[in-house]
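Undergrad: Mapping of the sequence shown onto this note's numbering: residues 46 to 381, in sequence order.
In short, the hints are calculated from the structure, not lab data.
Be aware that one or more of the hints could be misleading.
Cβ pair distances, simulated, as ranges [to be verified]:
1) Pro-138 <-> Thr-340: 23 to 33 Å
2) Pro-138 <-> Pro-195: 19 to 29 Å
3) Gly-308 <-> Thr-113: 19 to 29 Å
4) Pro-111 <-> Ala-373: 40 to 50 Å
5) His-339 <-> Thr-68: 19 to 29 Å
Just so you know, these numbers come straight off a predicted model, no measurement behind them.
Backbone N, C-alpha and C fix where the C-beta goes; we use that ideal spot for every residue, glycine too.
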Amino acid sequence: MSTESPAVVAVLLTEQTRAMVLTPAAEAMLAEAARVRWAEGPPGEWDLAELLDGAAACLTGWGTPPITEQVLANSPDLRLVAHTAGSIRALVPQDTIGGRLTVCQAAGLIADSVAELVISQILLALRDLPALDAGLRTGQEWAALRERYPGRLLGARTVGVVGASRTGRAVIGLLRAFGARVLVADPLLTGAEAADLGVTQVELDDLLRGSDVVTLHAPLLPRTQGLLGARELSLLADGALLVNAARGGLVDGDALAAELRSGRIRAALDVFPTEPLAPDSPWRQLPNAILSPHTAGHTVDSHARQGQAMVEDVVRFLRAEPLRYAVAADSVGVLA
Numbered sequence: 046m047s048t049e050s051p052a053v054v055a056v057l058l059t060e061q062t063r064a065m066v067l068t069p070a071a072e073a074m075l076a077e078a079a080r081v082r083w084a085e086g087p088p089g090e091w092d093l094a095e096l097l098d099g100a101a102a103c104l105t106g107w108g109t110p111p112i113t114e115q116v117l118a119n120s121p122d123l124r125l126v127a128h129t130a131g132s133i134r135a136l137v138p139q140d141t142i143g144g145r146l147t148v149c150q151a152a153g154l155i156a157d158s159v160a161e162l163v164i165s166q167i168l169l170a171l172r173d174l175p176a177l178d179a180g181l182r183t184g185q186e187w188a189a190l191r192e193r194y195p196g197r198l199l200g201a202r203t204v205g206v207v208g209a210s211r212t213g214r215a216v217i218g219l220l221r222a223f224g225a226r227v228l229v230a231d232p233l234l235t236g237a238e239a240a241d242l243g244v245t246q247v248e249l250d251d252l253l254r255g256s257d258v259v260t261l262h263a264p265l266l267p268r269t270q271g272l273l274g275a276r277e278l279s280l281l282a283d284g285a286l287l288v289n290a291a292r293g294g295l296v297d298g299d300a301l302a303a304e305l306r307s308g309r310i311r312a313a314l315d316v317f318p319t320e321p322l323a324p325d326s327p328w329r330q331l332p333n334a335i336l337s338p339h340t341a342g343h344t345v346d347s348h349a350r351q352g353q354a355m356v357e358d359v360v361r362f363l364r365a366e367p368l369r370y371a372v373a374a375d376s377v378g379v380l381a
């Protein structure tokens, strides 16, 4: 009988994140496969070197402190980081991914949640539901509201998707189910991929000119910072809808605010240049905008899926089985 000690897995999750992403079943699965070491208390009080001492793998998530070069130098046994959230850009040194470290991330599991919110935002805007609701609640005349807000059909619109990322592709799938015509701007998308997705591939300027709705799903990288500035926003047709549930930095905030104040275009925004918004932030007062507090990726169901998937990949790693959610080294430069 083997007397080999079970591998150590460090769970570097805040109390709040642990409650969101780890179900009792996921915790039981992890405990059966490894000796689990739990981080306790506020992250600022964690001793990462102690928590990771002898650990072969760790679970991370929202609120986990960065695993720096120094931390890695003090944690020679660490080989796997399984991130229950999305972006890993600030989590680990990027040049260690696929080499010194195997990194898994749950970003793909968040895509469906974001896509559903994006479609909800588009439908709310096209049917003017916020205005109709407010009108009824403030005593506006029934027939006048019906006449003022006739609504638009998503299936009759042209929707431009900027970025054929995992989330962008999830959005495309839902848009096609509604019958919308879909344009995509993404320099990394091949013609064959565009054909498989059932979309028309165009340059960004042409997408902006030709879309009734534009939704952003590109990663925030140095080259995509301010991707839509005043010039690009001016290409949008009067009455066009801009949806951003990706990153606030993709759009020049001042230019967008000016367009919204003019009343020329509309927006549905889940992200902003600076977050969280201050109570007196001008963004809270902008007309022609549906706002939400960076909540696109947050659903009870997606949280549970994220934690379960990362626990399963940790177990696969310990069993030397192929991983489902490992990040490829050659994709690091284009990941959010």
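Undergrad: Give a verdict on every hint.
TA: Consistency of the hints with the structure:
1. Pro-138 <-> Thr-340: 23 to 33 Å: 30 Å Cβ-Cβ, so the 23 to 33 Å window holds.
2. Pro-138 <-> Pro-195: 19 to 29 Å: violated, 54 Å
3. Gly-308 <-> Thr-113: 19 to 29 Å: violated, 48 Å
4. Pro-111 <-> Ala-373: 40 to 50 Å: violated, 21 Å
5. His-339 <-> Thr-68: 19 to 29 Å: holds, 24 Å
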